[in-house]
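Colleague: All chains should be built: construct the whole structure from the sequences, respecting the hints.
There are 2 protein chains.
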Amino acid sequence: MTSHPFDDAVALEPLGDGRYAGRTHPAYANMVGPFGGITAAVLLRAVELHREVLGSPLSLTVNFAGPVADGPFEVVAEPVRTNRTTQHWSIALTQEGVVATTATAVFGLRRPTWSATETPAPTAPTAETLDRQQLPPAIVWAQNYEMRFVDGLITPGAEHPDSVSTLWMRDSPPRPLTFASFAALCDVYYPRVYLRRGEMSPAGTVSLTIYFHADAAEVSAQGEAHLLGSARAHRFSEGFFDQTAHLWGRDGVLLATTHQLVYFKA
Amino acid sequence: MTSHPFDDAVALEPLGDGRYAGRTHPAYANMVGPFGGITAAVLLRAVELHREVLGSPLSLTVNFAGPVADGPFEVVAEPVRTNRTTQHWSIALTQEGVVATTATAVFGLRRPTWSATETPAPTAPTAETLDRQQLPPAIVWAQNYEMRFVDGLITPGAEHPDSVSTLWMRDSPPRPLTFASFAALCDVYYPRVYLRRGEMSPAGTVSLTIYFHADAAEVSAQGEAHLLGSARAHRFSEGFFDQTAHLWGRDGVLLATTHQLVYFKA
Numbered sequence: 001m002t003s004h005p006f007d008d009a010v011a012l013e014p015l016g017d018g019r020y021a022g023r024t025h026p027a028y029a030n031m032v033g034p035f036g037g038i039t040a041a042v043l044l045r046a047v048e049l050h051r052e053v054l055g056s057p058l059s060l061t062v063n064f065a066g067p068v069a070d071g072p073f074e075v076v077a078e079p080v081r082t083n084r085t086t087q088h089w090s091i092a093l094t095q096e097g098v099v100a101t102t103a104t105a106v107f108g109l110r111r112p113t114w115s116a117t118e119t120p121a122p123t124a125p126t127a128e129t130l131d132r133q134q135l136p137p138a139i140v141w142a143q144n145y146e147m148r149f150v151d152g153l154i155t156p157g158a159e160h161p162d163s164v165s166t167l168w169m170r171d172s173p174p175r176p177l178t179f180a181s182f183a184a185l186c187d188v189y190y191p192r193v194y195l196r197r198g199e200m201s202p203a204g205t206v207s208l209t210i211y212f213h214a215d216a217a218e219v220s221a222q223g224e225a226h227l228l229g230s231a232r233a234h235r236f237s238e239g240f241f242d243q244t245a246h247l248w249g250r251d252g253v254l255l256a257t258t259h260q261l262v263y264f265k266a
Numbered sequence: 001m002t003s004h005p006f007d008d009a010v011a012l013e014p015l016g017d018g019r020y021a022g023r024t025h026p027a028y029a030n031m032v033g034p035f036g037g038i039t040a041a042v043l044l045r046a047v048e049l050h051r052e053v054l055g056s057p058l059s060l061t062v063n064f065a066g067p068v069a070d071g072p073f074e075v076v077a078e079p080v081r082t083n084r085t086t087q088h089w090s091i092a093l094t095q096e097g098v099v100a101t102t103a104t105a106v107f108g109l110r111r112p113t114w115s116a117t118e119t120p121a122p123t124a125p126t127a128e129t130l131d132r133q134q135l136p137p138a139i140v141w142a143q144n145y146e147m148r149f150v151d152g153l154i155t156p157g158a159e160h161p162d163s164v165s166t167l168w169m170r171d172s173p174p175r176p177l178t179f180a181s182f183a184a185l186c187d188v189y190y191p192r193v194y195l196r197r198g199e200m201s202p203a204g205t206v207s208l209t210i211y212f213h214a215d216a217a218e219v220s221a222q223g224e225a226h227l228l229g230s231a232r233a234h235r236f237s238e239g240f241f242d243q244t245a246h247l248w249g250r251d252g253v254l255l256a257t258t259h260q261l262v263y264f265k266a
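As they're listed, the protein sequences go chains A and B.
Residue numbers for the first sequence follow our numbering, so the first one is 1 and each next one is one higher.
Residue numbers for the second sequence follow our numbering, so the first one is 1 and each next one is one higher.
Calculated from the structure, these hints are not laboratory results.
Keep in mind that the hints are not guaranteed to be accurate.
Which copy is meant is left open, so a pair is good if it fits within one copy or across any two.
Result set (DMTMM-like, lysine to aspartate or glutamate): computed pairs, CA atoms no more than 25 Å apart in a straight line [said to hold, decoys possible]: (1) Lys265 - Glu218; (2) Lys265 - Glu128; (3) Lys265 - Asp215; (4) Lys265 - Glu118.
Modeller: And the structure:
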């Protein structure tokens, strides 16, 4: 039995005192450095593996400060403050002492309260009835994700009136969902400017935030099922835009809301 | 001529090496500690005042790790990495050596590119035709904000079918908009759970992210005009919910998109 490439890509060797050794994985390579989603997953793993961790992830913000070079890296995760039900983390990924990525995370304990969901999943055909989208082989990391578009596929050379993409997604080959793989799935949407303009151009995430609505049982209950995601931008201006996405699971449960600020040239 | 209370509240005395001394201001007190928006503004000011700052704010994430006690505090702002067009910051607010708030920020240079706005301002009567909402005197900080609700005012004792509030807002007394006052305005929305349930209950922001779409000229062009904001939640579950808001200025320009994760009891 061989391990899933995702697990190899997020593997961290504890060095003690919240420090870990990791290494970029060729299967998750992007144009420059690794796929941002896999970096987010690695940083989340560093907290999950820490012996002082409290509960499960509530929020994660990852700042892509500079390129991550192919090869080894070090992660340090520090519990900055631990309260009764929440715990605040500061995390950094460095290479040869230079900071490539910074992050903050909030972990915590959930408890039964009044609950409501205001953002239902959009109506969509089942995943099985839709074609799997084959992204260009140059986008190496995307080969690890099964994406079946409901809406908002790029038409090369044609502008699109809005930036909404809705798609079914999961790891490829399928893998039971965990918080870390789920964090990576929050970053699978290509930059919304590609869709609007009908062409690829230099673009990269500057800062990514994930709010985890799902608890451990809800994450586990997804198994290898497809998740439904929908992303859109709000404003593109002077080299930057933001995009927001929602991710729903089985029975339409809203698992996460995620936001990012993206740098672009166009 | 006296200064505006906002300027007094965000005043920082440079101590060198990215360290600053500040003090909570009684006019911006909340139930426990200061209004989160004023803390966000203070942390942004620490970067703006730093001699190495590059350009204007692009994103800010503030993690409210623990209560801020009334009295003096220290802020430290560190430029973690400076690139050609973006600069990543790590910021912390401490009191007697204990971390109360952590933050990361991205500042940078903007440049002309293709641009588009996908999220137009909702249709709303002009601010002048709407009543000013008087919040209870116990919510001290709110007395510094003029709020004129278009929609989504709490009806005590009555549940509300959705969590959308749309309102005109500005400093009171009016003050020309700056990035710092604008950051504070991103946090004026009361917790969405109050609106849904028609009652106040213990609640507090855990993590706040702001994406600044506006450049310095667009911020300056607002002057003392009312801004239009609209906030809503996506999912309330097990003690936490998220809320997203958009903030538009003169001529319907989208100035910011802001998100937060909120702790609640109910």
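Colleague: If a hint holds in the structure, say so; if it doesn't, say that too.
Modeller: Hint check:
Proximity of Lys265 to Glu218 under the C-alpha cut-off of 25 Å is restricted to the inter-copy arrangement: shortest distance 21 Å between copies versus 39 Å within a copy. Neither within a single protomer nor between protomers do Lys265 and Glu128 lie at most 25 Å apart by alpha-carbon distance, with minima of 36 Å and 40 Å respectively. Taking CA atoms no more than 25 Å apart as the test, Lys265 paired with Asp215 passes between copies only; the shortest distance there is 17 Å, against 38 Å inside one copy. Within a single copy, Lys265 and Glu118 get their C-alpha atoms only as close as 35 Å, which misses the 25 Å cut-off; across copies the closest is 18 Å, which meets it.
The structure is inconsistent with hint 2 alone, although it conforms to all the rest.
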